[in-house]
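Based on the provided sequences and hints, a complete structural model is requested.
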Amino acid sequence: MFVYFIKRLLYALPIAVGVTVFVFSLVYLGGDPLDAVLPDDATAADVQEIKEIYGFDKPLPVQYITWLGRAITGDFGTSIGTGQPVADEISRAIVNTLILAICSALTGFPFAVFLGTLAGYYHGQRADKIVSGFAITGVSVPHYWLAIVLVIVFSVELNILPSLGMGPGGSEDWTLDWAHAKHLILPVIGGSIISMGIIARSMRAAVAEILNQEFVRALRSKGLSESRIAYHVMKNALPSILGVVGLEIGSLMGGSILIETIFSWPGAGFLLNEAIFRRDLPVLQGTILVLAMFFVILNLIVDISQTFVDKRIIRT
Amino acid sequence: MSANINKPRTYWQSVRSRLRRDPVTLSCAGIIIGIVLLSIFAPLIAPANPYDANMLNRLAPIGSPGYPLGADELGRDMLSRLIYGGRISLIMGLLPVFLALLIGASCGIIAGYVGGRTNMLIMRTMDIFYAFPSVMLAIAISGAIGAGIENGLLSLTLVFIPPITRVSESITVQIKSLDFIDAARATGASNSRIILSHIIVNALGPIFIYCTSLVSVSIIIASGLSFLGLGVSPPEADWGLMLSTLRQSIYVNPWVCALPGVMIFTTSLCFNLMSDGLRSAMDVKM
Numbered sequence: 001m002f003v004y005f006i007k008r009l010l011y012a013l014p015i016a017v018g019v020t021v022f023v024f025s026l027v028y029l030g031g032d033p034l035d036a037v038l039p040d041d042a043t044a045a046d047v048q049e050i051k052e053i054y055g056f057d058k059p060l061p062v063q064y065i066t067w068l069g070r071a072i073t074g075d076f077g078t079s080i081g082t083g084q085p086v087a088d089e090i091s092r093a094i095v096n097t098l099i100l101a102i103c104s105a106l107t108g109f110p111f112a113v114f115l116g117t118l119a120g121y122y123h124g125q126r127a128d129k130i131v132s133g134f135a136i137t138g139v140s141v142p143h144y145w146l147a148i149v150l151v152i153v154f155s156v157e158l159n160i161l162p163s164l165g166m167g168p169g170g171s172e173d174w175t176l177d178w179a180h181a182k183h184l185i186l187p188v189i190g191g192s193i194i195s196m197g198i199i200a201r202s203m204r205a206a207v208a209e210i211l212n213q214e215f216v217r218a219l220r221s222k223g224l225s226e227s228r229i230a231y232h233v234m235k236n237a238l239p240s241i242l243g244v245v246g247l248e249i250g251s252l253m254g255g256s257i258l259i260e261t262i263f264s265w266p267g268a269g270f271l272l273n274e275a276i277f278r279r280d281l282p283v284l285q286g287t288i289l290v291l292a293m294f295f296v297i298l299n300l301i302v303d304i305s306q307t308f309v310d311k312r313i314i315r316t
Numbered sequence: 001m002s003a004n005i006n007k008p009r010t011y012w013q014s015v016r017s018r019l020r021r022d023p024v025t026l027s028c029a030g031i032i033i034g035i036v037l038l039s040i041f042a043p044l045i046a047p048a049n050p051y052d053a054n055m056l057n058r059l060a061p062i063g064s065p066g067y068p069l070g071a072d073e074l075g076r077d078m079l080s081r082l083i084y085g086g087r088i089s090l091i092m093g094l095l096p097v098f099l100a101l102l103i104g105a106s107c108g109i110i111a112g113y114v115g116g117r118t119n120m121l122i123m124r125t126m127d128i129f130y131a132f133p134s135v136m137l138a139i140a141i142s143g144a145i146g147a148g149i150e151n152g153l154l155s156l157t158l159v160f161i162p163p164i165t166r167v168s169e170s171i172t173v174q175i176k177s178l179d180f181i182d183a184a185r186a187t188g189a190s191n192s193r194i195i196l197s198h199i200i201v202n203a204l205g206p207i208f209i210y211c212t213s214l215v216s217v218s219i220i221i222a223s224g225l226s227f228l229g230l231g232v233s234p235p236e237a238d239w240g241l242m243l244s245t246l247r248q249s250i251y252v253n254p255w256v257c258a259l260p261g262v263m264i265f266t267t268s269l270c271f272n273l274m275s276d277g278l279r280s281a282m283d284v285k286m
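Chains as they are written, first to last, in the working numbering: chain A, 1 to 316; chain B, 1 to 286.
In short, the hints are calculated from the structure, not lab data. We put the beta carbon where it would ideally sit given N, CA and C, even for glycine. Each statement offered as a hint is correct.
Selected chain A positions facing chain B (in silico; Cβ < 7 Å):
hint, residue
1, Val19
2, Ser140
3, Gly250
4, Ile276
If the Cβ cut is set under 10 Å, some of the chain B residues that face chain A in the computed set are:
hint, residue
5, Arg124
6, Phe129
7, Phe132
8, Ile141
9, Gly240
10, Pro254
11, Phe265
What follows is the structure, encoded as structure tokens:
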């Protein structure tokens, strides 16, 4: 078991390094990164001076190592747009994104797991068809459009739910009360709809497949009650549940940009959107790096917890 | 010799007969063909010029005279813009998946067939891109290289290469372990011959099915990029961009503003349903 953890950690390491290389090179994908900052009439001497200040005059590998060294200690540079340390902006935003992601994961995801399991159990029957219909609609919906439709229905037409910000009066100090919860409802639905569809679909497939295995027939012929059989099926489906739910929490965070832009939710996606339009490359880089690292760590946690619930995974 | 009356049906015959009994898949295919035809023949079908602005009719409601589906924030005919919008939106949905299929399937088949170090190199590189949720990867690349159709196509293609490579690799590994490959090798077939006439022929079906399910993701993300201002630029008619510019007007005429999304939704739903139908008709398990 311990050896497996070490192996898994060692396996995640090169991926994490690869991610940092990719995020670092993002800045150079769009051409000279200084173009966005420098005025058009900058003289060659000015350009040279700026290059030296920002360290752009050094060879790329040196720049990468310097950048990585700073990033590891939590220094992502200063935002070109606001002049504030990028790390401060990101940590503030990421908490807000986490609030959204956790609320989705606690409300929508268990519901989707339940529906998917139900569909898998009644494979081919009416319950399955209804759930599958909902699930395929869920994965096909452009969630940003659904978010707009939700705003139209609940904010514009019915005027019962707020459509902007995290709390009353645009406050960013989040507390758990009804006034703030009201602001959560629409972003959570809009943000989690696709993930819920994906989860329901994978659960349905996993449960249906497990029910088809011989051990279930053996349990049935042994005279086990349906609820006991359900317990065995769920135990076997648990690794799949963990896998898909983990992946989708990552997608929620990574895909937050559209939802957060629509609802002006001051999270990481919103920050990323601002950074893109200001060509604020340090913020862009920092946000993407932090979100991607979250995803790498999340995958690691999922893999390890999967082995806890099903030790057979280690052997493969 | 008498002709064999009980000639067993070939694989494709049974696929066809299964599809014929699947009204959902057939109607989805029909709708997709319809949308494609509308886009191709947009200049002949659209009742008005999609770029003709008319300030007097800004945000005309659905059913206004001369504007069957209303008008947008600049008074342009919605129906015509929706018809024209399919052109870019469909290209942005289909082309990246197709390009990624060419690259990803080649990488995956090579990795799966050759194995060893080559496999390690290709698959571990893909793992890095797997560390990004797809929407974020597309936005990160587009955000870094800037807006525009070509850049959007590039970033979406890059997004779909890793998953297609992964699927192609695992399918190739499966096929490679089957007996008939050993038989082919025993008869002296060369590697390239085995790949071309055995692996690709058998792997392409499942890979293709997988790709059809990606088309709907691609349409949603592509429109999402335009929605964020990272794809097509105004005044072009594109469903995502239309949704984004009309968003400011939801307090004036909400339902006209929701229309472009209906098109994105319909197209992506049809691709998903068709993909599911094809998968079960072709009996592909993934």
